[in-house]
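Chemist: Here is how the chains run, residue by residue.
Number of protein chains: 2
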Amino acid sequence: MDNPVLIEALRGALVESRHRGAVAVVDADGARVLALGDIERPIYPRSAVKALQALVLVEAGGVEHFGLRDEEVALVCASHGGEPDHVAGVARILARAGFDQGSLMCGTHWPLHQPSALALARSGAAATALHNNCSGKHAGFLCAACAMRCEPATYVDARHPVQQAVKAVLEDLGRAAIPDKHVGVDGCSVPTFAMPLHRLALALARFATGQGLAPIRAAAARRLRAACAAYPWHVAGTGRFCTEVMTGLRERVFVKTGAEGVLCAALPEQGLGFALKIDDGATRAAEAAMAALLARYLPREHDGRAELERFARPVLRNWRRSAVGELRPAPALTEP
Amino acid sequence: MDNPVLIEALRGALVESRHRGAVAVVDADGARVLALGDIERPIYPRSAVKALQALVLVEAGGVEHFGLRDEEVALVCASHGGEPDHVAGVARILARAGFDQGSLMCGTHWPLHQPSALALARSGAAATALHNNCSGKHAGFLCAACAMRCEPATYVDARHPVQQAVKAVLEDLGRAAIPDKHVGVDGCSVPTFAMPLHRLALALARFATGQGLAPIRAAAARRLRAACAAYPWHVAGTGRFCTEVMTGLRERVFVKTGAEGVLCAALPEQGLGFALKIDDGATRAAEAAMAALLARYLPREHDGRAELERFARPVLRNWRRSAVGELRPAPALTEP
Numbered sequence: 001m002d003n004p005v006l007i008e009a010l011r012g013a014l015v016e017s018r019h020r021g022a023v024a025v026v027d028a029d030g031a032r033v034l035a036l037g038d039i040e041r042p043i044y045p046r047s048a049v050k051a052l053q054a055l056v057l058v059e060a061g062g063v064e065h066f067g068l069r070d071e072e073v074a075l076v077c078a079s080h081g082g083e084p085d086h087v088a089g090v091a092r093i094l095a096r097a098g099f100d101q102g103s104l105m106c107g108t109h110w111p112l113h114q115p116s117a118l119a120l121a122r123s124g125a126a127a128t129a130l131h132n133n134c135s136g137k138h139a140g141f142l143c144a145a146c147a148m149r150c151e152p153a154t155y156v157d158a159r160h161p162v163q164q165a166v167k168a169v170l171e172d173l174g175r176a177a178i179p180d181k182h183v184g185v186d187g188c189s190v191p192t193f194a195m196p197l198h199r200l201a202l203a204l205a206r207f208a209t210g211q212g213l214a215p216i217r218a219a220a221a222r223r224l225r226a227a228c229a230a231y232p233w234h235v236a237g238t239g240r241f242c243t244e245v246m247t248g249l250r251e252r253v254f255v256k257t258g259a260e261g262v263l264c265a266a267l268p269e270q271g272l273g274f275a276l277k278i279d280d281g282a283t284r285a286a287e288a289a290m291a292a293l294l295a296r297y298l299p300r301e302h303d304g305r306a307e308l309e310r311f312a313r314p315v316l317r318n319w320r321r322s323a324v325g326e327l328r329p330a331p332a333l334t335e336p
Numbered sequence: 001m002d003n004p005v006l007i008e009a010l011r012g013a014l015v016e017s018r019h020r021g022a023v024a025v026v027d028a029d030g031a032r033v034l035a036l037g038d039i040e041r042p043i044y045p046r047s048a049v050k051a052l053q054a055l056v057l058v059e060a061g062g063v064e065h066f067g068l069r070d071e072e073v074a075l076v077c078a079s080h081g082g083e084p085d086h087v088a089g090v091a092r093i094l095a096r097a098g099f100d101q102g103s104l105m106c107g108t109h110w111p112l113h114q115p116s117a118l119a120l121a122r123s124g125a126a127a128t129a130l131h132n133n134c135s136g137k138h139a140g141f142l143c144a145a146c147a148m149r150c151e152p153a154t155y156v157d158a159r160h161p162v163q164q165a166v167k168a169v170l171e172d173l174g175r176a177a178i179p180d181k182h183v184g185v186d187g188c189s190v191p192t193f194a195m196p197l198h199r200l201a202l203a204l205a206r207f208a209t210g211q212g213l214a215p216i217r218a219a220a221a222r223r224l225r226a227a228c229a230a231y232p233w234h235v236a237g238t239g240r241f242c243t244e245v246m247t248g249l250r251e252r253v254f255v256k257t258g259a260e261g262v263l264c265a266a267l268p269e270q271g272l273g274f275a276l277k278i279d280d281g282a283t284r285a286a287e288a289a290m291a292a293l294l295a296r297y298l299p300r301e302h303d304g305r306a307e308l309e310r311f312a313r314p315v316l317r318n319w320r321r322s323a324v325g326e327l328r329p330a331p332a333l334t335e336p
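Top line first, the protein sequences correspond to chains B and X.
Per the working numbering: the first sequence ends with 336, consecutive numbering throughout.
Per the working numbering: the second sequence ends with 336, consecutive numbering throughout.
If you're looking for bench data, these hints aren't it; they were derived computationally from the structure.
Where hints are given, some of them may not hold.
Since the list gives no way to pick one copy over another, a pair counts as held whenever it fits inside one copy or between any two copies.
What the hints assert, rightly or not - Here are the computed lysine to aspartate or glutamate pairs in the EDC-like style, where the Cα-Cα straight-line distance is at most 20 Å:
| id | residue 1 | residue 2 |
| --- | --- | --- |
| 1 | Lys167 | Glu40 |
| 2 | Lys167 | Asp38 |
| 3 | Lys181 | Glu326 |
| 4 | Lys181 | Glu8 |
| 5 | Lys167 | Glu151 |
| 6 | Lys181 | Asp303 |
| 7 | Lys181 | Glu171 |
| 8 | Lys181 | Asp157 |
| 9 | Lys181 | Glu40 |
| 10 | Lys167 | Asp180 |
| 11 | Lys181 | Glu64 |
| 12 | Lys167 | Asp157 |
Based on the provided sequences and hints, a complete structural model is requested.
Modeler: Next up, the structure:
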């Protein structure tokens, strides 16, 4: 099945590039509200489920045990830009559990936030594992391992109790078993468990509503959503899609990006979960498509809609900041 | 017409992402050797035709007039990484024509080559227009304007004699008129003239062979190809696709990347021109697809083939350098 074109990139009068993909919007009972393209094919959710992975930490009592503050909880759910306060926050999480950056298995890269990378270089310092966009999640896994009283050193292994607990959470929220052959290794070395897009959207709808979840899981989800809504800068960073959208809409939305064009979101008040995957992995298309979708399902009177429109049709500029084109969402995304 | 999948990205046992696109391989008479997907749709060639744009400079006598050396000629054809010797070379070109970086209209960005960007920041300096990957081309346009005895300041305007000469070159090499509505603005502010992919491939085949060209144009093309073959590092930079492929195969190949998933190439000895465009604009897919194509049409005994195989099936690694997947070219690219 060929997935439809979701986003076109225009330059001058011509469509220069096009992005195909699949979209699932479901309610917390799993009823399909919108399905575009192949939503049965298993896709790796990558970082788009970091808040769901964090349920393991919260349910194990790790937040209380280590006295994590809400902004630190948001960092555990983050793909952060490596800005100084992100890095300091992750260092604090590690310190509370008696770890340091040497325990992180995510690998090292320079901050995604370019001004922070340049400032780091200017200071004479070098990148560390703390600057890896996944360092908060990894700090959370280490805390989870301790809270679960299991050996922390091998926490990235797919057979480690923390990762097995993550798998069980995804299976519970998505109401479907994940076969062993659908496990890949993420860029930060932890397992990523592939799920059909409609199962992923269901997981987000249940995460957002708590509907049908065990009370401890529903409470943990509520806590994670509240932390992200209160500290959206900690979930991504300056100017980033997830941060801007959650800053504008706060607890009325949850949104989280993943690598290779995956985006997950939820509108708790509408009881809806969203999952989309751009075939080619392009972040620009995933963001524009999700912005268009959220604008479609949000009530017309909500503040924060203007922000979504800006992300749904971003202007493409050259290096001198002149407009040279734009992204355009397909009618299938925007029209009821 | 739906373009076929050209490149699949695997992670673990699953195909995680896929890139569609179109491919044209033609000889210097325009005979189609390979056509995949829609090769009639006009596409913006972007930086993939920088060496063809440079014909205007060479034909106007600008290389002799300003005493440009071969490595500087290669920089005029470059999308360079902003490494120190790239920047110094562009500054030299400008100085020879009495300009400085203030005359460049390409805009400023930090070096694409990350170690060079970080080193620049570490030195306390900031990025300038010289670091823009297109600065060599822009320096060449300024020199061309002077050699053509026209006012240089507005050289990025589509109506400027230099840009009109570029259009005429592309129309001549591709043997087709370019309608006004098929002109877009590139990321570096110069016009980009859209052409059907098979016309672009024809332009490359004629550029590579000189077949049917006016003697001055054929000689200029030969000079540009020789400069790029002799100084492939100047055309892109450390570790980059164009540099590595031309370093391995020297004058037996010409290859040049462009933004939004365009790649052009030629095999002069085989008399073939190549043009491909990845629908979604992904560079990783364009490089893998072109590597597979070049390996297919190069004689089996050539050195430098191993390098192409490496680019055709690159291993995807996580931040700890473990293999987590690979890119895989479609059989349509690799099988005769």
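Chemist: Against each hint, give a clear statement of whether it holds in the structure.
Modeler: Status of each hint after checking the structure:
{"no.": "1", "hint": "Lys167 <-> Glu40", "verdict": "within (19 Å within a copy, 47 Å between copies)"}
{"no.": "2", "hint": "Lys167 <-> Asp38", "verdict": "neither (23 Å within a copy, 43 Å between copies)"}
{"no.": "3", "hint": "Lys181 <-> Glu326", "verdict": "between (39 Å within a copy, 17 Å between copies)"}
{"no.": "4", "hint": "Lys181 <-> Glu8", "verdict": "between (34 Å within a copy, 18 Å between copies)"}
{"no.": "5", "hint": "Lys167 <-> Glu151", "verdict": "within (18 Å within a copy, 66 Å between copies)"}
{"no.": "6", "hint": "Lys181 <-> Asp303", "verdict": "neither (44 Å within a copy, 39 Å between copies)"}
{"no.": "7", "hint": "Lys181 <-> Glu171", "verdict": "within (15 Å within a copy, 52 Å between copies)"}
{"no.": "8", "hint": "Lys181 <-> Asp157", "verdict": "within (15 Å within a copy, 55 Å between copies)"}
{"no.": "9", "hint": "Lys181 <-> Glu40", "verdict": "within (16 Å within a copy, 41 Å between copies)"}
{"no.": "10", "hint": "Lys167 <-> Asp180", "verdict": "within (10 Å within a copy, 56 Å between copies)"}
{"no.": "11", "hint": "Lys181 <-> Glu64", "verdict": "neither (35 Å within a copy, 63 Å between copies)"}
{"no.": "12", "hint": "Lys167 <-> Asp157", "verdict": "within (12 Å within a copy, 57 Å between copies)"}
Checked against the numbered hints given earlier, the structure breaks hints 2, 6 and 11 and satisfies all the rest.
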